Amino acid sequence: MTTLNHSSLPHTNKYLFPILAIAVFAWLIAYNIIQPLADWISYTLLGLARDSRFGESLAFFLYDVPKILLLLSGMVFAISIVRTFFSPERTRAMLGGKREGIGNVFAALLGIVTPFCSCSAVPLFIGFVESGIPLGVTFSFLIAAPTINEVAVIMLFGLFGWKVAGLYIASGLVIAILAGMVIGRLKMERYVEDFVWQIKSGAGQVLDEKLTWNDRVERAWDSVKEIVGKVWLYVVIGIAVGAGIHGYVPESALVGIMGKQAWWSVPAAVLLGIPLYSNAAGIIPIVSALMEKGASLGTVLAFMMAVVGLSLPETIILRRVLKPQLIAVFIGVIAIAIIFTGYLFNIIL
Amino acid sequence: MLTIKVLGSGCANCKRVEQIVHKVVEEMTLQAEVIKVTEYPEIMKYNIMSTPGLVINEKIVSTGRIPTPAEVTAWLTSALETA
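Heads up: the sequence lines are chains V and X, in that order.
The first sequence begins at 1 in my numbering and counts up by one.
The second sequence begins at 1 in my numbering and counts up by one.
It is worth saying that the hints were derived from the structure and are not from the lab.
One or more hints might be untrue.
Pairs of lysine to any residue, SDA-like flavour, derived with a Cα cap of 20 Å [stated by the list, open to error]:
| no. | chain 1 | residue 1 | chain 2 | residue 2 |
| --- | --- | --- | --- | --- |
| 1 | X | K59 | V | E209 |
| 2 | V | K210 | X | K15 |
| 3 | V | K225 | X | I20 |
| 4 | X | K45 | V | G132 |
| 5 | V | K210 | X | A79 |
| 6 | X | K45 | V | K225 |
| 7 | X | K15 | V | G132 |
| 8 | V | K200 | X | P41 |
DEER-style ranges, computed between Cβ atoms [claimed, not checked]:
| no. | chain 1 | residue 1 | chain 2 | residue 2 | range |
| --- | --- | --- | --- | --- | --- |
| 9 | V | K98 | X | T38 | 27 to 37 Å |
| 10 | V | G101 | X | R16 | 56 to 66 Å |
| 11 | X | S78 | V | L272 | 51 to 61 Å |
| 12 | V | A328 | X | C11 | 45 to 55 Å |
| 13 | V | L272 | X | A70 | 38 to 48 Å |
| 14 | V | R50 | X | P69 | 52 to 62 Å |
None of these values were measured; they are calculated from a predicted model.
All C-beta atoms in this analysis are idealised placements derived from N, C-alpha and C, irrespective of residue type, glycine included.
Isolated chain V, as found in the complex (with noise of 0.2 Å):
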């Protein structure tokens, strides 16, 4: 508690980084046991057939789940403790004197690190363009910042690889600079609610806190504990369900349907993926077992975007500061760029 108060001297806790290397090896132990355990438990322990269809879903359930949980652990982790040295209020101040263009770049970029949660989005909008953010760089960080989230990043890198979560960070990215690019151009100014031009902020002081590394590894862990807490069951669920198809669902099964030929399969995954924002955790482990029965990567990662980018209440959220116009071309303008991504994925891989 000594070190809470913000008029305290900064100091750290000696011991601290001590217990984050003994807490870094202990999770690397984890990370490498749980594989030779799964399999233990499975086809030694309950003596299961090593080419059952039991006993294969129960293997790869048991290794799943905890890989994805200490990679979530662990990378939340991470991000949150690079998290706290950016915010909102420094975002803005980089941003400022920005042109168009460069200014997206940059505004998409910061979505990735700057900490961002959907309900601070009207405020945040707010304090963009009343400091003099074009509307268009405003909206290169609004849909980089959901978008490029951690939870989905850590799942796909931890289910796909990192090939797959890297092309998705960098798709999110381009798709984030070029719609905000063109609703930049579209010069939708208008289709701000009007309070949002008459607002004044006071001239008062921006928080600007002096954090030590205590106050970076406590408010990291407290992430920690937030979001693990709020999505492991949609993990544990998701998990569960793609075990089943993984065990059960015969090879190739998808590719009718899912696969590179069907062209339809990608806005139908957009469409499908809009209204689907809270279960982002759990959609992800289905749609990898998809996709060993022969769903193509560029359908997954469109569908896997329209789950994070387009958020049903993030959109909601935006209402209050967009009108209906403004709203259906941010929709509109994501939706068909994510398409896009889809089909150019799907062709070239």
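Assemble the complex: chain V is given as a structure, and chain X must be docked to it using the hints.
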């Protein structure tokens, strides 16, 4: 007499902050007025960009997260000293 404002449009986190503030005020047996600020034009006067925000005697002490009761106690104590 302290004036404490919780800034936020009524999301779950904002309610949580309000609960913590009420609890701490009760524990410290303070004379304090706790005000919920839910309208955006009013919230934006404090120049914040993430909610929930916490303001004690017109000074912003926290934004965008749920502070711990210990932190709130420390802020209220120092506000009492300067008041």
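Any hints from earlier that this structure breaks? Give me their numbers in increasing order, please.
-> The structure breaks hints 2, 6, 7, 10 and 12; every other hint is satisfied.
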